[in-house]
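Engineer: Which chain is which? The protein sequence lines are A and B, in order.
Take 365 as the starting number for the first sequence in my numbering and just add one per residue.
Take 7 as the starting number for the second sequence in my numbering and just add one per residue.
Some hints here could point you the wrong way.
As the list claims (entries may be wrong) - As a list, the in silico DSS-like pairs of lysine-lysine whose alpha-carbon atoms are at most 27 Å apart:
1. K474/A / K311/B
2. K122/B / K376/A
3. K647/A / K560/A
The hints are simulated quantities; they were obtained by calculation from the structure and are not laboratory data.
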Amino acid sequence: MKNNIGRTKGDKVFNVFVYVIMILLAIIILYPLWFVIIASVSSPDAILNGEVWLLPDVVDFSGFKRIFADKQIWIGYRNTILYTFFGTLLNIILTIPAGYALSRKELPYKKAFMWFFIITMFFGGGLIPFYVLIDKLGLIDNPLVLIIPQGLSVWNMFMVKAYYESNIPGELIEAAEIDGAGHFRTFSNIILPISKPIIAVMILFYAVGRWNSYFDAMLFIHSENLYPLQIILRNILIVNDNQSGGITGEDIYERLKLANQIKYGIIIVSSLPIILIYPFIQKYFEDGFLVGSFK
Amino acid sequence: MQAVEENVLDIKKKSRRNDFKKNWPLLVMISGAVLFVFVFAYIPMYGIVIAFQDYNPALGIKGSQFIGFGNFTRFFQAYNFKDLMYNTFILSFLGFIIGFPLPIIIALLLNTLRSKKTKGIFQTIFNAPHFISVVVLVGMIFLFFGEYGLVNSVIRAFGGERTSFMLSSKWFRPLFIGSGNWQEMGWSSIIYLAALAGVDPQLHESAKIDGASRFKRIIHIDFPAIFPTISVLLILSIGNLLSVGHEKVLLMQTGPNSVVSEIISTYVYKIGLTGSSEPGYAAAIGLFNSIINIVLLIIANSSAKRFSENSLW
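If we strip away everything but chain A, and leave its shape as in the complex, we get (with noise of 0.2 Å):
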């Protein structure tokens, strides 16, 4: 009865209009992500004559054999598991007790701890100096490079902030003052057993941002059995393998045909640990609590 309050003609009108344009929107979104996977399996002859459009013609997983048969392409996968696995644990050491720490109103000096950090989101030292330092501390070439100068974003820092300011309730913490808790009690007693939404995004937006970099690795990291994937996916996606001198027009065809069929296949085999995670994840963005990182 109250929903039909004002549904007026122009209004049925102006949600179809909605309706179209998420629509289109969602195939604009969707769509290359679909050829993506259409492309991986079907014939690379029918790809590169552009005969597939929204089904593969046939279903062949010879390009995906070809990537699991590839040395390099596995020792990629396992460095980046282990930088992503330390990494990760290393980014919510650090950010979730010091976003804690920030939301306190008690905090000795908490309006200097505040400006310490908001400086470094709008200036910083810039490459050059960050490599400078990277090689003074010896850190090139070695795969700690790839886990602990990363080691905390103060954007997500203050995200962690915002989630205890607004939703842990002052009397919670009143309470367990009361009962004698000290602040290293009530953080690991009260505070973290009602943390698992904000550490759950953490571990998403930082294993994401880990998974997925690799200038760091293409600055610093120069042994091949330290490269993470992304620099084997940069290797084989982009990096043309344009030194082939003297080979006819029909090998490089032939060659351009084999290598695409690839490049479809690893994007899916690189990315499927996030599209696997995603889905248990996003149902936390809808909470909205990370617009309160803005105020």
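Knowing the structure of chain A, use the given hints to seat chain B on it.
Structural biologist: Same frame as chain A, but now just chain B:
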């Protein structure tokens, strides 16, 4: 009177000491983050001194010779100074013109959907590209827009000629901005959706009773509700008008498109860390860039302060 004041001060001091006794664990909790930011954010800030040096890695910061503003004047007079500034500005400006309103429109439209479930499905779809790595994204651009890619197949199907999009300087900006929006427009709308979730439903109900159409309610209820968020993000974007990250641009760069794709950050990387590197010169260019950003941010913020209540500080 004075005695009373002194007394108050005394009590304050004491309570502060007591506070400290009680609150030091909070300092322990924050110490890791402080140490981390000090090492990886503040020490590089000290490293900026190399911008004023003829820096030689073998001699280090202490051993290298100071040359004052030499690196800066060299950049201002460099043959590519204007091109770098223009390429950076235009790329970010075009990206802003298209990329700033899109998430707002998406959020306003998504917010009109009545069914929470449908809204959720659309959001899941719109957010998905955000999680794709930049290497994969650029890899997809190469695959789709390559000589034998999907786009050229479509063009050929309609009787057109194959175009080498990635080798054309004309297509770099549209591809960079288009792919950026494809990836981020949904994700960027989250912040507006969160602000819209805070709108009192009664406002809409009473407006409906007054006969306001859905479109009118967007203009008069929803839009004002997200206006503060828009202002804050607008200020931040203006502060970023001369900062385009190097990561994606470096991947999209090909020889022929570098006329338009060489921007300040990619040039800093190349001149500072590859080939016969000149770290001092590169650091100076980087510093010049971040100072411009801060000045822009301050100007944007103070004008926002003047014309509305929505400012960063």
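Engineer: Now, for every hint given, state plainly whether the structure supports it.
Structural biologist: Hints versus structure:
Note on K474/A and K311/B: the hinted pairing holds, with a Cα-Cα distance of about 25 Å set against a maximum of 27 Å. As the CA atoms of K122/B and K376/A are separated by approximately 18 Å, the hinted pair is consistent with the 27 Å bound. Between K647/A and K560/A the alpha-carbon distance is near 13 Å, which keeps this suggested pair within the 27 Å criterion.
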